[in-house]
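Asks: Knowing the structure of chain B, use the given hints to seat chains L and Z on it.
Residue numbers (my numbering), protein chains in the order written: chain B, 17 to 530; chain L, 10 to 280; chain Z, 52 to 364.
Simulated from the structure, these hints should not be mistaken for laboratory data. Heads up, some of the hints might be wrong.
To be verified - Cross-link-like lysine-lysine pairs, in silico, DSS-like; alpha carbons within 25 Å at most:
#1 B:51 with B:282
#2 B:142 with Z:134
#3 B:222 with Z:134
#4 B:282 with B:222
#5 B:304 with B:395
#6 B:395 with L:46
#7 B:135 with B:95
#8 B:506 with B:51
#9 B:142 with B:445
#10 B:357 with L:46
#11 B:506 with B:222
#12 L:46 with B:316
#13 B:304 with B:316
#14 B:171 with B:95
#15 B:95 with B:344
#16 B:483 with B:445
#17 B:135 with B:171
#18 B:222 with Z:135
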Amino acid sequence: MKRREFLLNSTAVMGGSVLMGGFALPALAQDTPVKGGTLIWGHSETTQNLDMHQTGTASSGRVLQNIHSSIVTVDANLKVIPGLAESFEVAEDGLTYTFKLRPNVKFHNGATMTSADVKYSFERCKDPATGAVNFEVFNNVAAIETPDDLTVVIKMSAVNAPFLSRLAENGAGVVMPVDSGPTQGTNPMGAGPFKFDSYEVGTVVKMSRFDDYWEGPAHLDAVEAREITEPTTRLTGLRTGELHMINDIPLDRVGEIEADAGLQVKKWFPLNFDFINMNHTFEPFQDKRVRVAFDMIIDKEALMQGALWGQGATTASPSFPTDAAYNKDLVQRPQDIEGAKALLAEAGYPEGSLNIVFKATTNYPYHIETAQILVEWFKMAGVNLTIEQLTWADWLSQCWVDKDYQMTMMNFFTLWESDFLYYSVWNSKGAFNYRAINDPIIDELTEKARITVDDAARAEVYKAVQKQIWDEAHDIVLWFRNGTIGAQPKVMGLDTVVHPNGSNLNFHKVWLAA
Amino acid sequence: MKRFKTTKGLIGIVLLTLIALIAIVGPMVIPPDAATKMDMLARRSPPTWTHLLGTDQLGRDMLYRVILGARTSLEIAVTAVLMSIVLGLPLGLVSGYFGGWIDNVLMRLVDTLLAFPALLLALTISAVLGPNVQNTIIAIGIAFTPYLARIIRGEALKVAQMPYVEAARASGTTDGMIMLRHVLPNIMPAVIVQATISLAFAILAEAGLSFLGLGTQPPAASWGLMIQASRDQLDVAPWTALVPGAAVALTVLGLNMFGDVLRDILDPKSK
Amino acid sequence: MTYVLNRLLSVILTLFLITLVTFAVTNILPGDVAMMIMGTQSNPEALEGLRQSLGLNDPLLVQYGNWIGGLLTGDWGTSLIFKKPIAELLAQKAVASAIIVVMSMTIALCLAVPLGVWAAVHRDRWQDTVSSSTSLLGVSLPDFFWGIVMILVFARWLGWFPSSGIVEPSEDFLASLYYAFLPSLALGLGLMAHLTRMTRSTMTGILGQEFIRVARAKGLTERTVIWRYALANAIGPVITIAGLQIGYLFGSIIVMESLFGYTGMGWLTYQALLNRDLPLIQATVFVIAAVVMITNLLVDLLYVLIDPRVKLG
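So that you can see chain B by itself, here it is in the shape it has in the complex (with noise of 0.2 Å):
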C-alpha cells in the first residue's frame, strides 16, 4: 500500500467522524425495517462476569449495553439526556440531584420500575461489599431518598460536579430491579432492549427481544453473541456467511474487507486512545528534556500507517475530538531526530548512553510492533531500547500496580469523562497515574474543575490540563484507534450500533433485510 494512500484514508475517517460526530450519521438504507430474525454476531472477545456492577471488562458492558437501561445517558457529543429518568435537575448548590423517572418502565421480570430499584441499584453500587468498579463515583454521596414512586433525590456531602456524567455509563448508573442482586452474575436483568436467555461460557451469549422496552421493541427477534477470539477464524466466520457480523476487523484486514463488495464495514473513531509512557520516577525522566526528546524522536503519523496500518487518526489531547474540552491547539511535536539528540546531550544523556526497556503487553499485538517500529527510530537517536514482552496479568501486576518498569505504552477505553480521564490518569492522587506523574499545575486544575459547575468553564480548565501536559511531555499521546465492524450486506441499522462511547454495541434498531 501508498503511504499517500494511508493518508487519504485516514484524513477521510478523521473527517466523517468530526462532521458526523462518528455516531449520528443518518442511516443510508431507505427501506422500512423488517421485523423479526436472528442475529449471529461473531464477538471479539470472551465474556466474564454478566454482573454489570462487579465487571470492568470491555467484553462483558458491550453485550451487557442490549440488557440494561441507565438513569441517563449521552448523545453524540457526550452531553448528558435523560435515559431511564425522562428529566433531571441539579441544585445551584450542586448537592442535590433530582432525578423524574419514566412511568411504565418494565424490568424483563414484568415488574415496573420505582424509584425503589433505583435506590437499590445505586446503594449496591456503593457498597464496597458489592466488589463494585465503579463504586468511588458515589462517594460523595450522603443519602438518596424516594419521596414517591417516580421520584429520586440523591443528596451529596460535597460538590461532585462529573457526577451526571458519570452515571450516564451502565458501570454506575444502571438500574436493575430490587434484589436481582446476587442473581446478576448469572442472569443479568434490566430493563434493557434483549432479554438475557442463556451464556454457555467462552461460546456464545443468547439474548431476545423485550417486547415491553421502553423505547420500543426492538426489530430483532433475537441475537446471539457468538464469541470467536481467533481474528482469522472471525473473519472466515464472515465470509462464508456463518456470522451476520463481526466486531473488530483485524487493523491489517480493514483495507481488504473494504475492497469486497458483498461485505459492509463500519468504522469510527476512537474505540481508544494510546500514549506512550514514561516512569517518572526512573532518573532520565525526571528531566523534561528527556521527555521532550522522546517524543520528537516519534513520527507519530507513520508510526500510526506502521502499527495500526493506518486505523486511526493522530492526536495530540486524549479528550474525545466531539468533546467541548478537546485542545484543538495542540499540535502533536514533529520527528526530529538531529534536535532529540542535541536535547538528550545536553541533559547530559549523549549519543550511546541511554539504554531503556520497553515493556509491551502481549494482550494488545499492535503494541508489540509500535515498540518493534520505535527501537529503529530510538536507535537512530543513539538510545538503546529493548523489548520485554509481558502478559496483560504481568503488564497489571509490574507496570499498573507495582510502577516496575522504565516505558511502556497503554490505551484506554470509553475515557470520554474529562474528569474521570484528567483525574484519574494524570493528578497524582488519581487512580490511574501508574507513571507517578506530580504536577501540581495538573493537580490543581483537575482539582478546580470538580467543583467549576459552570460546563464551559470547565472546558476551558481541561483544555489547560492538556496544555499542560503536552507542554511537560508527561506521557507521549498517539492516537486514537478506530473501531470496525464487519457485516453481511443484509445487516441494515449499522450505524446506530455504537455507543458514544466507543465501546459498546446495541442491536435495538438493528434489522436483518429478507
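Replies: Coordinates of chains L and Z only, in the frame set by chain B:
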C-alpha cells in the same frame, strides 16, 4: 540397500552441516540489523527480486530473518533438549533398571511433573524469572524431561530383564557397570528417536511461549517467533509461515536422517 | 491386584501433591483475579472491595483448606471470573474435550501405525523416506498452522465444515462430532509424527528378531507375519507414547480450542490461568492431572498385558 543407507546418512549430514554453517557464518556475513530493517513500502511482499523470500508484516526481509534467526532457534532447541536428556536419562535409567520401590518413587515424581500443566510452568517462569532466552530454555527443558524419563524407563525395564543382563548380574558385575555397558547402549536408539523429534517440538515450543512473554524478544529474529507472528496473516501472506516452517522442516529432516543412521549403527540388535 | 491398588493410592497422593504445588505456584504468580477483573479500570479502594467480596483476603491456608474440603464433599466452588459453579463448567467442558482427544488420537493412530509399519517393512527405501518426510512435516509447523489451514480449506474454500463452534453431544451427537472433526484432524496431524516414528523404530527392531525369522521359515504369509506377529510385539511402545501424548494433548488443545471457538478443558484452563481464577485453576489442573495419570496407569497395565515378558515390580 546398503548404498541407500549411506546416501541417506550423507544427505542428513550434508543438510545438518549446511544449516550449522548458515547459523554460524550468517551473522558474520550479514549485518546484524538486516533482520530488523523495515521497508514500510513493501509490507507482506511476496517473494520478489529485492526480497527473495518475501517480507513480513513490518516489511522485514524474510531471508535475512530466517538466516539470522537460525542460531537463536538452534541454540534454544539443542540446549533445552540436552537439558531434558541430562535430567531425564538418569531418572529413567535408574527407575527402569532397579524397578521396585525406587521405580515407584521416581515415576510418581515424573508423573507429577507430567501432569503439572506446562502452561503454568511457563507462566511462572516468565513472570518470576523474567522473559528471556535463558529462561525459555529452562522452561522447555523442564517440560520435556518427564516424557524422556518415561520412555527411557520403559525401555530400560525391558532391557533389564533380558538374559544377557541377568547373566552379567550373575557374574557379579556391578549395577553401575551393567547400566553403562549393557542397558544404556540398548536404549540409545529410543533416546535418539525421542531427541530428534523433541528438537522439532522445542523449536516450535518457543513459538507458543512468545505469546506468554517468554521466548526471543522482538525485534530479534528466531524461527519460533517468526512462525508465531505468521498466525494472523496466514491466508494473506502464507510465506511468513512457510519460510520459517521450511527451515524447521529441513533441520528436523536432516536430524532424523542422521538419527536413523546413527540409530542403526548403535542398535546392537540390527547388527 | 495389589499393584493396581498401590498405583491408585499413589495416584491419589500425587494428585494431592499437585494441588498443593499448583496452589503455591499460583500464589507466587503476581496479580490476582480482582486485578484481572478490573483491569485498567481499577483503583485501590474498589480493588480492595472486590477482593473482600471474592474472599481473596482469607489467609492462604484457609483458602486452600476450603478448596480441598469442598472437593471432598463434592462442592467445587464457583468460578470467580465466570460466576458459574465450577462443577457445572467442568462437566460441560470435559465432555467437549474428551470428544476431540479421543477423535484426534484415533485419527493419529489410524494414520501413524500403517505409515510406520510401511516404512519399517520397506526400511531404507523410498517408502521409508516418504513416510518419515510426511510425518515430519506435521511437526515442522505448529498446531495453529494446521488448524488455520483446515479452516481455510475445509470451511472457507470447500465449505464442508463449519469454521468454528461447538455442539453439545446431548443435543445432537452426530453434530457434535461434525463440529469436533476439524480441530481433531489438525491435532491428529501433530500427534502422528511421533507415533509414526515410534512404530517404525520398534517395528524395525522386531523385524530383525529371531522369532520373525522362525515365523517366516514356517511358511506364514508375509501379511500374517507383519500384522499378526510383529505389530503385536511392537505396539507396546507405541501405546506408551500414545498414553504420554494424552498429557501433551491437553497442552495443545488449548491452542486448537481457541482457534476453532471449540471451548473445552484446555481453553478453560487457559482462561483460569490467565485470569488468576484460583478455584478454577485448581479444579482444571486437578481434573487434567487425574486424567493424565489414570491414562498412564492404564497404559502401564496394558503394556503388561500386551508384552508378557514385562513383570511387575
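Asks: Are the hints correct? Go through all of them and say.
Replies: Here's how the hints hold up against the structure:
1. For the hint pairing residue 51 (chain B) with residue 282 (chain B), the CA-to-CA distance comes to about 22 Å; that is within 25 Å, so the pair holds.
2. Under the criterion of a C-alpha separation no larger than 25 Å, the hint pairing residue 142 (chain B) with residue 134 (chain Z) is consistent with the structure, at around 21 Å.
3. Our distance criterion of 25 Å between C-alpha atoms is met by residue 222 (chain B) and residue 134 (chain Z), whose separation comes to about 17 Å.
4. Restraint check for residue 282 (chain B) and residue 222 (chain B): satisfied, since their Cα atoms lie roughly 23 Å apart, inside the 25 Å limit.
5. Pair hint residue 304 (chain B) plus residue 395 (chain B) holds up; C-alpha atoms about 20 Å apart against a cutoff of 25 Å.
6. Restraint check for residue 395 (chain B) and residue 46 (chain L): satisfied, since their Cα atoms lie roughly 11 Å apart, inside the 25 Å limit.
7. As the CA atoms of residue 135 (chain B) and residue 95 (chain B) are separated by approximately 24 Å, the hinted pair is consistent with the 25 Å bound.
8. The straight-line distance between the Cα atoms of residue 506 (chain B) and residue 51 (chain B) is roughly 13 Å, inside the 25 Å bound, and the hint therefore holds.
9. A C-alpha spacing of about 21 Å is found between residue 142 (chain B) and residue 445 (chain B), which places the hinted pair at or below 25 Å, so the restraint holds.
10. Restraint check: the Cα-Cα separation between residue 357 (chain B) and residue 46 (chain L) comes to about 21 Å, which is no more than 25 Å; the hinted pair holds.
11. Between residue 506 (chain B) and residue 222 (chain B) the alpha-carbon distance is near 21 Å, which keeps this suggested pair within the 25 Å criterion.
12. Between the alpha carbons of residue 46 (chain L) and residue 316 (chain B) the distance comes to roughly 19 Å, so the proposed pair stays at or under 25 Å and holds.
13. For a cut-off of 25 Å, the pair hint linking residue 304 (chain B) to residue 316 (chain B) stands: about 20 Å separates their Cα positions.
14. A threshold of 25 Å between alpha carbons decides the hint, and for residue 171 (chain B) with residue 95 (chain B) the separation of about 22 Å falls inside it, so the pair holds.
15. Between residue 95 (chain B) and residue 344 (chain B) the alpha-carbon distance is near 19 Å, which keeps this suggested pair within the 25 Å criterion.
16. The suggested pairing of residue 483 (chain B) with residue 445 (chain B) holds, with an alpha-carbon distance near 20 Å, which does not exceed 25 Å.
17. In summary, the hint linking residue 135 (chain B) to residue 171 (chain B) is supported, as the alpha carbons are separated by about 12 Å, within the 25 Å threshold.
18. Restraint check for residue 222 (chain B) and residue 135 (chain Z): the C-alpha separation of about 16 Å stays at or below 25 Å, so the hint holds.
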